[in-house]
Amino acid sequence: MQLLELTAGTGMSEPTPIIEIKNLDKFFGNFQALNNVSLTVNSGERVVICGPSGSGKSTLIRCINRLEEHSAGSLVVDGIELTDETKNIRAVRMEVGMVFQQFNLFPHLTVLENLTVGPIRVRRLSKPEAIERARKFLDRVHIPEQADKYPAQLSGGQQQRVAIARSLCMEPRIMLFDEPTSALDPEMINEVLDVMVELAESGMTMICVTHEMGFARKVADMMVFMENGQIVETAPPDTFFANPSSERCRTFLDQILEH
Amino acid sequence: MVELSRHPASPVAGFARLFAGSPGQVAKRLAKSAPMSVAVYLIIVYLIVQAALTGAEAMGYNWQWYRIPDYLYRLTDDGFQLGEITVGLGQTVALSTQAFGIAILVGLIVALLRLSVLVVGTAVAVAYLEFVRNMPLLVLLYLFYYVLGPIFGLDRYTASVLCLGVFHSALISEIFRAGINAVSVGQWEAAKSIGMSAPQIYRYIILPQSIKFMLPPMTGEAVHMVKSSAIVSVIAVAELTTIGRNIISDTYMSFEIWFTIAAVYMVVTLILSVFVTFVEKRYAVAT
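Protein chains in written order, with this note's numbering: chain A, 5 to 263; chain B, 461 to 747.
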């Protein structure tokens, strides 16, 4: 039963690893943020990472697009090994989209310009092509009418959806979400989660750091629980929520599911 | 208060709004308003001029103000001609503009080096900054004219432009650095995450946002540049101050000429300030 569910999420075809993390360590000075972390994510798989704050969740996904440099171990994304090689780093970043907790939209550009600057400058699309693509993804995040506004004129939920569209405009193969709803007012969380669910249903490979367990249950193929820079538990959501094997994970779930 | 900083709908409405609210608010607003600043400025200038005039009278100075317009412009049978002071002003403006261009360019490069991850880059930038900042402008000028001049065959004008450019580049690079650092780290991360290269991130994301942080101190630097350009008179580049000295050595009208020269400098720098205030407002509204 469990095995069946595990493979069901990864689609019909043979699972192919798209992210391979092996024995990853990360130090900030003397502080060890990641300790011997290994994780394989298959193409089309949706992974939700949770854990207490300071457990290394964000650091882990920030290593995947090299916003953080890992200290030891190896990290292969879409067949490209992440090293100091600038060319590789940029190649990986073009395939990996990232959505931040604080949105990080470019405040001096309109929504449309936020969406086209990457495709035009990095993917070398012509302006009309980039605009067409931007409008397509604005439609997909349900805010086509906000194209000519500046980010500051939008609500938090709208800004985060623009941020998602900005990443999608690069047509990435993998999307990383770093606590995408943590900075949002409660009434705006759902509009962002809805977009993420739709994205998951489209078959995008996703890694989400989030505490939205309802969302996790709905879309995750695999749950990862981290603590003190280590992966403590990896399990499909059914097992993870019903019967977590580690005590620490159970306590954590009790705490966040209490309300 | 925020509304007040924008352009009022009409001068009358704006004027009326200036006097709305409690006396405290009005006083505060008046103290901040441009007309008030100009008024205070004029009063101070008047007092100084008055004191000078009284003093000059006491020493029996022979005022010859009627000769001054000739040095600004002349209308002769040949038509309109620029006076010596106006020509000198042209030189000052050309000199300052060119030097400012160099200062911006070098300043930006030094700032980027300083912020780069290259150890050598940072070291070079810091060494340059310390060297230039700890040198009196006059000594730097002598260095350019008497040392680098003969070596590289620089004429006095080129040496002056380079010297002023280098001197101000140090100050301007700090303005760039502060402006660049004022943009949040998240902007870097977002731009990196869509695969932009460092030059692209600077060009399209960081610098456009830094401009609004940099404009006010940049204005100060532009004004400073025009004023410090006067120092090149010591190597006899024919700019405003040199012209002033030359006229005085011919005519002995030191009071009239120095007042005039000071007024010309002031007009230039005031125009500069007003212009940049205008640009700042445009930028503040756009983002």
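Careful, some of the hints might be misleading.
[What the hints assert, rightly or not] Here are some, though not all, of the chain B residues that point toward chain A, as calculated from beta-carbon distances under 8 Å:
no., residue
1, 649
2, 652
3, 655
4, 659
[As the list claims (entries may be wrong)] Result set (SDA-like, lysine to any residue): computed pairs, CA atoms no more than 25 Å apart in a straight line:
no., chain 1, residue 1, chain 2, residue 2
5, A, 91, B, 649
6, A, 91, B, 672
7, B, 672, B, 702
8, B, 652, A, 260
9, B, 652, A, 240
10, B, 652, A, 135
Simulated from the structure, these hints should not be mistaken for laboratory data. Glycine included, every Cβ here is placed at the ideal spot set by N, Cα and C.
We went through each hint and held it up to the structure:
1. 649: holds (5 Å)
2. 652: holds (6 Å)
3. 655: holds (4 Å)
4. 659: Because about 10 Å separates residue 659 of chain B from the closest Cβ in chain A, which is outside the 8 Å limit, the hint is violated.
5. A:91 - B:649: Distance of about 17 Å is within 25 Å: holds.
6. A:91 - B:672: Violated, at roughly 33 Å.
7. B:672 - B:702: Distance ~36 Å between residue 672 of chain B and residue 702 of chain B Cα, so the pair is violated.
8. B:652 - A:260: Answer violated: residue 652 of chain B to residue 260 of chain A is near 33 Å, above 25 Å.
9. B:652 - A:240: violated (32 Å)
10. B:652 - A:135: holds (21 Å)
Figure legend: structure checked against the earlier numbered hints; hints not met, in rising order: 4, 6, 7, 8, 9.
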